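Take these sequences, add in the hints, and give me the full structure.
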Amino acid sequence: MHVVPHPHPALRVKAEPVRAIDKNLRRVVDQMRVLMYATRGIGLAANQVGLPWRLFLTNPTGDSDRPEEERVFVNPVVLKRNGAGEDEEGCLSLPDLFGPVRRAERVTVEAYDLKGQSFRLELDGLDARVVLHENDHLDGVLFPDRMRPEEREKIAPGLAELEAKFRAGQAAGEIPPDEELERTTAGLADGSLPLSVLGEVELPPPEKEPEDGAET
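Residues in the sequence shown are numbered consecutively from 1, following our numbering.
Keep in mind the hints are simulated off the structure, nothing from the lab. Worth double-checking, as some hints may not be accurate.
[Unchecked claim] Pairwise CB distance ranges, derived in the manner of DEER restraints:
#1 Leu114 <-> Ala189: 39 to 47 Å
#2 Glu180 <-> Asn82: 39 to 47 Å
#3 Pro100 <-> Ala189: 16 to 24 Å
#4 Glu68 <-> Asp145: 17 to 25 Å
#5 Pro17 <-> Pro157: 30 to 38 Å
#6 Thr39 <-> Thr108: 24 to 32 Å
#7 His2 <-> Arg152: 34 to 42 Å
#8 Glu68 <-> Thr108: 18 to 26 Å
#9 Asp96 <-> Val34: 21 to 29 Å
#10 Phe119 <-> Lys23: 37 to 45 Å
#11 Thr61 <-> Lys165: 26 to 34 Å
#12 Glu86 <-> Thr39: 24 to 32 Å
#13 Arg167 <-> His2: 27 to 35 Å
[As the list claims (entries may be wrong)] Calculated pairs, SDA-like style, for lysine to any residue (alpha carbon to alpha carbon, straight line, at most 25 Å):
#14 Lys14 <-> Glu182
#15 Lys23 <-> Pro7
#16 Lys23 <-> Val141
#17 Lys80 <-> Gln170
#18 Lys14 <-> Asp63
#19 Lys154 <-> Arg102
#20 Lys14 <-> Val28
#21 Lys115 <-> Asn24
#22 Lys115 <-> Glu70
#23 Lys80 <-> Lys154
#24 Lys115 <-> Asp190
#25 Lys14 <-> Gly140
#26 Lys23 <-> Lys154
#27 Lys14 <-> Gln170
This one's a predicted model, so the numbers in the text were calculated from it and none came from an experiment. Positions of the beta carbon are idealized from the N, C-alpha and C atoms, including for glycine.
Structure below.
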């Protein structure tokens, strides 16, 4: 497992809801957890490892020795957004690129944990920002998409450099062509993996995010 870089097609896919919490999913989350800390991240979405599933984990401290700050969100729904503030963001899929992003300062989010239990959290500050950043990933949205045009222009050379590197890898045969990557990603949308399925917990369909959930 590795973090897929921009412009990998999986980063622009709207992820599908997780249908069941099982041994496969828990194993994937364990791998994502190791990867998040190894890459010094504070959040990681399934899209970022090429899996089109509505799932992400966070630890705003970035410290693996503080597991009490770690949360796993399965089929998250942002119910409320309040306030607005701007702060700098980065992304593991866009290494060494940073920019100011305006987001809600307080959010209410509902999701499932790895036991199949639903929970609701009211978050603010960095906790809220990380959740909104990772939730964007599940809709195929990257943080530069949220930046003001004049600020995005400042990181345009870095974005172009990442794309050039990715395309060079494809030209050299080190990275599959987009069409193959897209087929592979689409083939995983139903949550299937070549692993045994044990301890399945079925989930009901997630609620849609409210239309009035815009940032204020």
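Right, here's what the structure says about each hint:
1. Leu114 <-> Ala189: 39 to 47 Å: violated, 20 Å
2. Glu180 <-> Asn82: 39 to 47 Å: The hinted range 39 to 47 Å holds for Glu180 and Asn82, with Cβ atoms some 43 Å apart.
3. Pro100 <-> Ala189: 16 to 24 Å: violated, 33 Å
4. Glu68 <-> Asp145: 17 to 25 Å: violated, 32 Å
5. Pro17 <-> Pro157: 30 to 38 Å: holds, 37 Å
6. Thr39 <-> Thr108: 24 to 32 Å: holds, 29 Å
7. His2 <-> Arg152: 34 to 42 Å: violated, 26 Å
8. Glu68 <-> Thr108: 18 to 26 Å: Taking Cβ atoms as reference, Glu68 and Thr108 lie about 21 Å apart, which means the hint holds.
9. Asp96 <-> Val34: 21 to 29 Å: Given range 21 to 29 Å: holds, Cβ gap about 22 Å.
10. Phe119 <-> Lys23: 37 to 45 Å: Violated, since Phe119 and Lys23 (Cβ atoms, about 21 Å apart) do not stay within the stated range.
11. Thr61 <-> Lys165: 26 to 34 Å: Roughly 30 Å apart at Cβ, these two residues keep to the hinted range, so it holds.
12. Glu86 <-> Thr39: 24 to 32 Å: This hint holds: roughly 25 Å between Cβ atoms.
13. Arg167 <-> His2: 27 to 35 Å: At 18 Å between Cβs, range violated.
14. Lys14 <-> Glu182: Judged against 25 Å, a Cα distance of about 12 Å means the pair holds.
15. Lys23 <-> Pro7: Roughly 30 Å between the alpha carbons, so the hint for Lys23 and Pro7 is violated.
16. Lys23 <-> Val141: violated, 29 Å
17. Lys80 <-> Gln170: Status violated; Cα separation ~41 Å.
18. Lys14 <-> Asp63: Given that 25 Å is the threshold and the Cα spacing comes to 29 Å, the pair is violated.
19. Lys154 <-> Arg102: Holds, at roughly 16 Å.
20. Lys14 <-> Val28: Status holds; Cα separation ~19 Å.
21. Lys115 <-> Asn24: The hint holds at about 13 Å.
22. Lys115 <-> Glu70: Cα-Cα ~15 Å, so holds.
23. Lys80 <-> Lys154: violated, 31 Å
24. Lys115 <-> Asp190: Holds, because 20 Å separates the two Cα atoms, which is no more than 25 Å.
25. Lys14 <-> Gly140: holds, 5 Å
26. Lys23 <-> Lys154: violated, 44 Å
27. Lys14 <-> Gln170: Holds, at about 23 Å.
Of the numbered hints stated above, those contradicted by the structure are hints 1, 3, 4, 7, 10, 13, 15, 16, 17, 18, 23, 26, listed in ascending order.
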